[in-house]
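K.L.:
Got chain A sorted already, so can you dock chain B onto it with the hints?
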Amino acid sequence: MIGLIFTLTLGQLLRQRRVLLLGLLAAIPVAITLLFRFTSSRADTGLPEFVASMLDALVVSIGLPLTALVLGTAALGQEIEDGTAFYLLSKPIARWQIVVAKLMAAWVATSIFVTVSTLGSAAPLIGERGEDLLVPAFVIAGIVGALGYTTLFLALSIRFNHALVIGLSYVFLWEGLASSLFKIDGVRFLSLRAYTLGIAGAISEAPSTVFSARLDGPSASVLATILIVGAFIYAVRRLERYELSERV
Amino acid sequence: MTAATSRVDAAPAIEVSETSRWYGNVVAVNDISFTVGPGITGLLGPNGAGKSTLLHMLAGFLRPSSGTVRILGAPAWQNPGLYQQVGIVQERESVYDGLTGYEFVRLSARLHHLPDVEAATRLAIDRVQMETAQGRKTGGYSKGMKQRIKIAAAIVHDPPVLLLDEPFNGTDPAQRLQMMDLLRRMAAEGRTILFSSHILEEVERLAERVLVIVSGRLAAAGDFRAIRRLMTDRPHTFAIVSSDNRALASALLADDSVTGAQIDGERITVRADDFERFTVHAPRIARSAGVTITEVDTLDESLESVFEYLVQR
Numbered sequence: 001m002i003g004l005i006f007t008l009t010l011g012q013l014l015r016q017r018r019v020l021l022l023g024l025l026a027a028i029p030v031a032i033t034l035l036f037r038f039t040s041s042r043a044d045t046g047l048p049e050f051v052a053s054m055l056d057a058l059v060v061s062i063g064l065p066l067t068a069l070v071l072g073t074a075a076l077g078q079e080i081e082d083g084t085a086f087y088l089l090s091k092p093i094a095r096w097q098i099v100v101a102k103l104m105a106a107w108v109a110t111s112i113f114v115t116v117s118t119l120g121s122a123a124p125l126i127g128e129r130g131e132d133l134l135v136p137a138f139v140i141a142g143i144v145g146a147l148g149y150t151t152l153f154l155a156l157s158i159r160f161n162h163a164l165v166i167g168l169s170y171v172f173l174w175e176g177l178a179s180s181l182f183k184i185d186g187v188r189f190l191s192l193r194a195y196t197l198g199i200a201g202a203i204s205e206a207p208s209t210v211f212s213a214r215l216d217g218p219s220a221s222v223l224a225t226i227l228i229v230g231a232f233i234y235a236v237r238r239l240e241r242y243e244l245s246e247r248v
Numbered sequence: 001m002t003a004a005t006s007r008v009d010a011a012p013a014i015e016v017s018e019t020s021r022w023y024g025n026v027v028a029v030n031d032i033s034f035t036v037g038p039g040i041t042g043l044l045g046p047n048g049a050g051k052s053t054l055l056h057m058l059a060g061f062l063r064p065s066s067g068t069v070r071i072l073g074a075p076a077w078q079n080p081g082l083y084q085q086v087g088i089v090q091e092r093e094s095v096y097d098g099l100t101g102y103e104f105v106r107l108s109a110r111l112h113h114l115p116d117v118e119a120a121t122r123l124a125i126d127r128v129q130m131e132t133a134q135g136r137k138t139g140g141y142s143k144g145m146k147q148r149i150k151i152a153a154a155i156v157h158d159p160p161v162l163l164l165d166e167p168f169n170g171t172d173p174a175q176r177l178q179m180m181d182l183l184r185r186m187a188a189e190g191r192t193i194l195f196s197s198h199i200l201e202e203v204e205r206l207a208e209r210v211l212v213i214v215s216g217r218l219a220a221a222g223d224f225r226a227i228r229r230l231m232t233d234r235p236h237t238f239a240i241v242s243s244d245n246r247a248l249a250s251a252l253l254a255d256d257s258v259t260g261a262q263i264d265g266e267r268i269t270v271r272a273d274d275f276e277r278f279t280v281h282a283p284r285i286a287r288s289a290g291v292t293i294t295e296v297d298t299l300d301e302s303l304e305s306v307f308e309y310l311v312q313r
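Just so you know, the protein sequences line up as chains A and B, in that order. Residue 85 in the working numbering sits at position 85 of the first sequence, with consecutive numbering throughout. Residue 214 in the working numbering sits at position 214 of the second sequence, with consecutive numbering throughout.
Pairs of lysine to any residue residues, derived as SDA-like cross-links and limited to a Cα-Cα distance of at most 20 Å, are as follows:
no.: 1; chain 1: B; residue 1: Lys137; chain 2: A; residue 2: Thr7
no.: 2; chain 1: B; residue 1: Lys143; chain 2: B; residue 2: Glu131
no.: 3; chain 1: B; residue 1: Lys137; chain 2: A; residue 2: Gln16
If you are wondering where the hints come from, they were derived from the structure by calculation, not from laboratory data.
For reference, chain A alone in the conformation it holds in the complex (with noise of 0.2 Å):
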């Protein structure tokens, strides 16, 4: 059942225009990284740190948290505001099965989008010197990340009507103006993007010169857990006490 209705909401997902949106947004900072590769008089020197700062700076703190957003409220969120979450809801399925059916879906799609930016960020550095694990660790983080994003907007999607303007004021005010305007320290224990990126840091074995964390491995891993369970037993605890509304 779990397959199904993840093939399903994949294919649901997949085909909506603003996919091609999300292919724009994974594509900006691979053109960015391509164009410092090709205008750069020694493309060598600085690659690492240039590509470390892109992936930070664009593929984890805005192509992430975006891509998820978009791909995490619409899973179950859009179905239920157009209607359609209505053939599942009225079929005999536990909504626990819907929920991971759902996240899934959304966290395979955000991660198919992030990985191919990462991997075409960081396309000039692989197999050079001084790449020190970045670009895997980046893909793993990106991957973990996706998962994190998902989950906790898949579950304000079944909370909230305007999950996605909810999930664009955690991304940019909380996780944008106070973490990284304000450098609010205590912020970086409430982030997904903290979280990601010290996945990210314990994997790499670039210098701190090229990459650092504002978390370390172990915190940041424990953190993203919890807020993953969290995050996923309050979307199937919402769902199973989800009432459809006069509007549906």
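P.N.:
Chain B in isolation, oriented as in the chain A frame:
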């Protein structure tokens, strides 16, 4: 009000007991009790009366604030297993636009874990007569076609209980007749079918019984003509044609049950307070007056007149 609308020999498929549902301070459904058994029952009421809230509670999509809602003896709320026995057609038009009609019904069959998905799909599509359009994407369907394919998806697992929210929306007259025929056949097979509609004529033509919801309360339940007759506090209007209208009108006015009589061309329009009493007394009065009654019609027996009266009450 409690109304037993089930057959005596059959346990009620739907049981609603002292059920209320409120949103904050707004009471959408107020202390409703009724039972529904096999056959077709219409759920009727003006917009905002609480029909959708009630149907959603029956379908397990809304938690009653108080009271109980049971389908086939099991609670409707938080009981997904119940959907093996219940088919639901929602009012909203939405379907999976990217799927063909066949794929849409087949998906429903697969989600129901049916042993022979293909056979069940074909049978459901046949029943709503959508064979010719089954290969087209549902996104391109007309409103009526969407309604029919939604019904096919709802009956693919052959449920004993069927709940339909405004099932005839968007259908043309021919499709409506076809679907009414389908529902009648399904009811004849022993199923319990409850549908809501704001088209009084649909309810009148299809439903054996009716539940009338007004301002969140169950205003009436049962056969709509019987309900009408129980409302003795409202004058009933009859049109009578007789051998001597003037003499009959005078004689009728002398009876306590008659509140007014006037001659309108070839007939007399008579208003009576007590339906039962009038129908018993009128022939006797005519005989005494030496008048022969050749025709009697009730002028306000339509569901609309019953409904208007209930709303004003």
